[in-house]
Structures are given as structure tokens and as C-alpha cells.
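The opening residue of the sequence shown carries number 1 in full-length UniProt numbering; numbering runs sequentially from there.
Just so you know, these hints were derived from the structure itself, not from any lab.
Please read all numbers here as calculations on a predicted model, not as lab measurements.
Just so it is clear, CB atoms sit at the ideal spot from N, CA and C, and this is done for glycine as well.
Please note: incorrect hints may appear among the correct ones.
To be verified - Pair by pair, the computed Cβ-Cβ distance ranges are:
(1) Thr107 to Phe153: 55 to 63 Å
(2) Lys82 to Ser149: 33 to 41 Å
(3) Ala129 to Ser72: 40 to 48 Å
(4) Ser112 to Asp58: 51 to 59 Å
Unchecked claim - No farther apart than 16 Å at their CA atoms in a straight line, the calculated lysine to aspartate or glutamate pairs in the EDC-like style are these:
(5) Lys85 to Asp73
(6) Lys66 to Asp145
(7) Lys66 to Asp144
(8) Lys64 to Asp144
(9) Lys64 to Asp145
(10) Lys135 to Glu162
(11) Lys140 to Glu162
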Amino acid sequence: MAERDSAGSPAPATTAEEALAPRPEPPPDPPGQAPPASEPEAWAAAVPPEWVPIIRQDIQAQRKGKQQPPLSDAYLTGMPAKRRKTMQGDGPQLLLAEAVSRAARATGVQTSSPEELRRDLAQPPLQEAYRRQLKSDLQKRLQDDPSFSPQRFPNAQRAFVEDP
1 MAERDSAGSP APATTAEEAL APRPEPPPDP PGQAPPASEP EAWAAAVPPE WVPIIRQDIQ
61 AQRKGKQQPP LSDAYLTGMP AKRRKTMQGD GPQLLLAEAV SRAARATGVQ TSSPEELRRD
121 LAQPPLQEAY RRQLKSDLQK RLQDDPSFSP QRFPNAQRAF VEDP
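Given these sequences and hints, build the entire structure.
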């Protein structure tokens with residue numbers, strides 16, 4: 001627990017010199033032995049006890065490292081044009097034909113002409129399989145997204161989450 005003065009304030013914060021001072025290197029782990037599971041939580045003594053469980057929960061949430069979803073069009077519209085262009089990258093692959101063409105180019109597979117590819121991809125069984133996969137991916141995304149609210153997005157709930 002942090003030292004407190006007579007007014008109940010925590011001990012003074014670490015100065016920049018103390019933070020940048022060289023610390024002795026810990027001895028290397030013996031060969032063939034795994035490093036310790038976790039080092040003691042020295043920070044826990046420097047914060048009020050009621051903060052500790054909240055900070056531990058935040059640490060666990062940050063370790064999961066979920067990829068940030070793409071920025072919304074509304075957010076990107078507010079950016080300067082040059083920054084917006086660099087942030088958008090390739091953009092989403094909206095068309096099946098374009099997605100297949102890119103995948104074929106990336107793997108070096110020879111494809112037929114673009115018209116022939118579009119004709120092949122327009123076949124109803126393939127379109128239906130693509131539609132089912134897209135719906136499945138969207139269902140999973142909405143179920144895993146903590147910020148998705150069925151009350152706020154009832155149409156998305158009806159279209160992708162509820163089974164028809």
C-alpha cells in the first residue's frame with residue numbers, strides 16, 4: 001500500500017529522473033526453464049485498493065487485442081481529404097467478382113477473362129452460398145461486438161441476428 005501523509009494523500013509521484021534511472025538487469029532465466037508466469041503487480045501498491053480490480057479487468061481486456069473495426073464513413077468525411085485517402089486504404093471488398101479477382105492475383109492463379117469470371121460468379125448456387133456466408137459473418141460480428149445494441153439497430157437485429 002502506498003505511503004500516505006497526515007492529510008491522507010498518496011506518496012509523491014515518481015520524478016522523471018527516478019523513472020529514467022538505470023535499473024539493475026534481472027538475471028537471465030536458466031536454459032530450458034520458462035520465465036515466471038507473471039511478475040508481482042508493483043502498481044497495485046501505488047493505487048487505491050478499490051482501483052485494483054478495475055485495472056486488472058482493463059489489463060485483461062487490453063491483452064485480448066481485438067482489431068479495431070474500420071472507421072465509419074461519417075468519421076472519415078470529417079477528415080482532410082489527404083488524410084481520408086490514406087486512412088481508407090483499399091476499402092471493403094463489396095463485390096464477389098472483385099474479391100475473387102484479388103484473391104486470384106494474390107495467389108498467382110491464372111483466371112479467365114473478367115467477363116467470364118463475372119458470368120461464372122453470377123450462377124444462382126454460388127450467389128446463394130455467398131449470401132449465406134456473408135450473413136453468417138455479419139451475425140458473428142454483431143454477436144461479438146459489445147457496442148451492438150438491438151434496440152438501437154432493430155433492422156440489423158431482424159436481418160442478421162434473428163433466424164427467419
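Checked hints:
no., hint, result
1, Thr107 to Phe153: 55 to 63 Å, "violated (36 Å)"
2, Lys82 to Ser149: 33 to 41 Å, "holds (34 Å)"
3, Ala129 to Ser72: 40 to 48 Å, "violated (29 Å)"
4, Ser112 to Asp58: 51 to 59 Å, "holds (52 Å)"
5, Lys85 to Asp73, "holds (12 Å)"
6, Lys66 to Asp145, "holds (10 Å)"
7, Lys66 to Asp144, "holds (11 Å)"
8, Lys64 to Asp144, "holds (13 Å)"
9, Lys64 to Asp145, "holds (14 Å)"
10, Lys135 to Glu162, "holds (11 Å)"
11, Lys140 to Glu162, "holds (12 Å)"
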